[in-house]
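Residue numbers (the working numbering): 1 to 97.
I should point out that these hints are in silico values taken from the structure, not numbers from a laboratory.
Any given hint could be a false lead.
[Said to hold, decoys possible] Dumping the calculated SDA-like pairs for lysine to any residue here, alpha-carbon to alpha-carbon at most 25 Å:
no., residue 1, residue 2
1, Lys12, Val33
2, Lys50, Pro67
3, Lys68, Ala54
4, Lys5, Gln18
5, Lys9, Cys42
6, Lys7, Ser58
7, Lys30, Ser58
8, Lys5, Arg48
9, Lys63, Pro89
10, Lys7, Pro91
11, Lys49, Lys63
12, Lys63, Asp88
13, Lys12, Pro69
14, Lys7, Tyr81
15, Lys49, Ala14
[What the hints assert, rightly or not] Simulated restraints on C-beta separations:
no., residue 1, residue 2, range
16, Ile79, Gly26, 14 to 20 Å
17, Ser22, Cys52, 22 to 28 Å
18, Pro67, Val34, 43 to 49 Å
19, Cys52, Asn21, 51 to 57 Å
20, Ala6, Pro71, 41 to 47 Å
21, Ser8, His77, 49 to 55 Å
22, Pro78, Glu4, 20 to 26 Å
23, Ile56, Ser8, 19 to 25 Å
24, Ser8, Val34, 14 to 20 Å
Predicted model, so just to flag it, every value in this text is computed and none were measured.
Where a beta carbon is used, it is the ideal one built from N, C-alpha and C, also for glycine.
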Amino acid sequence: MHSEKAKSKAMKIAVAVQGVNSVSIGASDKLEVVGEEVDSVCLANCLRKKFCFAEIISVGEAKPQPPKPPPPPPYCHPICYESVYVYDPPPPNCSIL
């Protein structure tokens, strides 16, 4: 694939096949397709119809990605309430004015 237009057409064709998870252009302009239960013969025939040449290099299982560890729970600061005591002395009983 020499032009960007041809690369984009090949990627569109590969994405249209059932079971394809991702498509990318790898080293030396080779189309890399990753998916589950992808019919490689059907994919090659679809590419041959448009480009007259398609070659299957290898077929294998996709490597499973290791599970990500769950994020740690956020730290919650304890809530402390300060108690304030207010003392209001009683007014004097005797007032002279």
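Keeping to a limit of 25 Å between CA atoms, is the pair of Lys12 and Pro69 held or broken? 34 Å, violated
If you draw a straight line from the CA of Lys30 to the CA of Ser58, is it 25 Å or shorter? 12 Å, holds
Given the hinted pair Lys68 and Ala54, is their alpha-carbon gap at most 25 Å? Roughly 37 Å between the alpha carbons, so the hint for Lys68 and Ala54 is violated.
Holds or violated: 19 to 25 Å for the Cβ distance of Ile56 and Ser8? 21 Å, holds
Is Lys50 close enough to Pro67, meaning Cα to Cα at most 25 Å? 39 Å, violated
Mind checking the hinted window 43 to 49 Å against the Cβ distance between Pro67 and Val34? This hint is violated: roughly 18 Å between Cβ atoms.
Honestly, do Ser8 and His77 meet the 49 to 55 Å range at C-beta? 53 Å, holds
Looking only at beta-carbon atoms, does the pair Cys52, Asn21 fall within the given range of 51 to 57 Å? At roughly 27 Å between Cβ atoms, Asn21 and Cys52 fall outside 51 to 57 Å, so the hint is violated.
Satisfaction of hint between Gln18 and Lys5, Cα-Cα up to 25 Å: Since the Cα atoms of Lys5 and Gln18 sit roughly 23 Å apart, the hinted pair holds (cutoff 25 Å).
25 Å Cα cutoff - pair Lys49, Ala14: Distance of about 12 Å is within 25 Å: holds.
Could you say whether the range 20 to 26 Å given as a hint is met by the Cβ separation of Pro78 and Glu4? 59 Å, violated
Does the alpha-carbon distance linking Lys12 and Val33 stay inside the 25 Å limit? It holds: about 12 Å lies between the C-alpha atoms, which stays within 25 Å.
In this structure, the earlier hints numbered 2, 3, 9, 10, 11, 12, 13, 14, 16, 18, 19, 22 are contradicted, and the remaining ones agree with it.
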